[in-house]
Amino acid sequence: MSTLFNKTFALRRRQKRNRYRSGVQGIVGLALMGMVIIPVIFAPLIAPYSPTALNLSNVLAGPMTGGHILGTDQLGRDLLSRVLYGGRVPLIVVTAAVLLASIVGVVLGMTAGYLGGWIDQAVSRFADIQLSIPSLLLALVMLAFAGSSLTTLILVIALGSWPAQFRIVRAQSISLRKMPFVEAAVVGCVPAHAILRRHFLPNVMPMVVVTATLSLSAGLLIVASLGFLGLGIRPDTPDWGAMIAIGQTQLGRSWLLAVAPGVALLLLLLGVQLVGDWLADRFSVQGLLARGG
Amino acid sequence: MAYVLEVNSSRNRKSWKDFISLVAIPAVVALCLGSTGGAAQANELTIGVPNAIPCLDPACNNSQYERSVKSQLHLALTSVNQDEQLVPQLATSWENPAPTEWVFTLRDGVTFENGTPITAETVKANFDRYRDRSATAKIAGSWLADIQSSVASIEAIDDSTVKFTLTRPWTEFAARLASLPIIDLTWVAEGNDATKGANASGPYRLVSFDPTSAIVLEANPAYYGEPPAYSKVTYRVLTSPAARLTAAQAHEVDVVLALDPQDLAALKGDSALKVGAVESSRNYFIWYNTSRPPFDNQDIRLALNYAVNKAAITGSLMDGMTSPSKGQVLNEPYPGFNTDLKPFSFDKAKAKELLASGGQPNGFKMTLSYPSGAYPGIDLIVQAVAAQLGDVGVNVDLQPMTLANWVSMLQGDASKATDATVAALAPADTQDVGMLKFFASSYTMNKSIDPKYDELFAALLKAETQEEHAKIVKELTQRQHDNAQLLFLFPTPLTYAINKSVDMKIPSNGMIRAYDASPAK
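Protein sequences, first through last, are from chains A and B.
For the first sequence, counting from 1, position 257 maps to 257 in the numbering used here; every step adds exactly one.
For the second sequence, counting from 1, position 335 maps to 335 in the numbering used here; every step adds exactly one.
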């Protein structure tokens, strides 16, 4: 009896410790995200210089010289201002893309899971095809044909992200379809759109939020990679990926050029990932993510 | 206790064995390999070039690096050596008995790699092909236009004498032939593809051809001359400035060209490398698309010339390795360089005034394309130029392109081209005609802004004396300057890093040939 009590007590203690760890992880993640996102959003207010203002007589200046906290780049532009502004493109692109992917994934996933049949088969196969193509490769091909713009980048990231949302929402919707309260609503002749809105949507939302967070970090990496490869927005627009690429040749002379945007990107990615894990623990959807994703 | 000690000693022995097998042996092997490895292996040379080398047929032309490879596989009648002097190659001598006649005497006993002899008939067949627009239309672009319009006929007088009859006097004809090697057309007729393979006659023969990665050559035993100093050569394609810098820092290449000038500082401390730059025959300029407004307006073209601070760009981005061009596309390496012309000064007020008088007082938007990574510092130069034009109200949308797409755009329809493009062109022979031909109205970007230019250029092609030639070139460069046909920037410094174990001179035309190199003494 006492053994059983001890085991139960130990289990509870472990669960409590895990919850505490998960909570700390979430707080650290949110803090990291805030540390990067807030300055990026308020860049026009806090950046000391215009990110595109040239000063060809002061190129590659070191940190803390001539009023430039992080120094200047190859064109004499203030590095701190460029790092602050450089996060705007990735954040705008990825936020819009993940939002778009989530809407598409949720609508198609709920519809496929609820209706089943050929609609489910058709959309599922389409998602499978989409998943079999690496997102970065798809992005490279699309940008080569359509050219690089904010809209194209958003569409490219969204196209690579919606299948994950779709599969998770569809898996959850199939199990929801068999729930007594859903069957009761069907028998009661409640229209399908109302069932989806009232019964399905609130139940799939936690998974959607968790998946969106994970898609956010994947999207950020793709946007940075495209910028690094020279396929981002206009070459003179500050963008972390492009800044790392252009700064890599100056590591010996001015290492901050590549490292400063790299650190900003790293902190943001780490923050998003920690928050994603915390949300997954919070909503107990790790197992479902593994099955669906 | 004894047991514990025994176990420990056994562990110690095992850990020493592990250390020897996992760390020490590979380290010794690596050290041994390292002592003979790296780029500067005896008898092997690795050259890093910034552009892909897509075609081995001399009928196509994508860059001087491509021509460098072809010139080592195939012999031409003449050649331009490291000191940029015209020297005999397949022809031992030549004469110009009349203004429109050239007679070449061929070297005896020269064969292709497979033993097929090279005779006057071989030369005639090659030039008949170069002249035939339909035979080379898909690959030549405008590369052979001068040959097609100026060579009337070719005659094989005997096995070792060939006579060219021209439609016009062409004083630099022998120099032009240096960039048109002779290939084995019977080998091509057997079904071989000359764009991807070669039946070599030059100092090297082809081992492997991967146009976007590496081209490997080895000494050709059938070559008539002295064997080259390096028996194996690899041309590595390194399209990004970062890849070129890294390859130089890691000593993965013996010679690397077109490093970004600001990157040279990172190599100057390396005692194994010679680092520097030569003034090349390429001049950076912005080519307006004059088929559309506002670039059909002279005031607008002039305004942009005054809006860009070229001296600031050359002083910072080019690290002072070059200076603003003297308001023309020619510089010192060209015989017709016009010393009377002066650079356009940097004058924002004047630029704004000219924009207003050109009907664009509030500026305008324009697209500006450029071949990303193809020339030293180009990606930073365009950003600097765009920012400076932005200061006078001209909003520039930068459009980076691959070199291949950029070349296609220049050879395509003007309506599909961008509003302007950054170029650094140079003719293969560093001659005035070769450079000035790009600005006749037959070219995509310059549509009829100055009919007089076309007339003068036609007269230049007919010039019979050097004096007449020089006078017309001077007039052409003056007109181009006065009309602000281009936004003149500055000559491109041809930057390089060469391993000190290699003796090699970089010529201003950028021809980088392994047979010009030898181990340093």
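Heads up, some of the hints might be wrong.
What the hints assert, rightly or not - Residues from chain B that keep clear of chain A, each with C-beta distances beyond 12 angstroms, as calculated:
1) T100
2) Q249
3) I313
4) I381
5) A386
Unchecked claim - In silico contact screen, one side only, chain B against chain A (beta carbon under 7 angstroms); selected entries:
6) A242
7) A243
8) A266
9) A311
10) S316
Think of the hints as simulated: they come from the structure by calculation, not from any bench.
Small disclaimer: the values here were computed from a predicted structure and weren't measured.
The C-beta atom is built at its ideal place from N, Cα and C for all residues, glycine as well.
*Could you check the structure against the hints above and give me the numbers of any it violates, in ascending order?*
2, 3, 4, 5, 7 and 9
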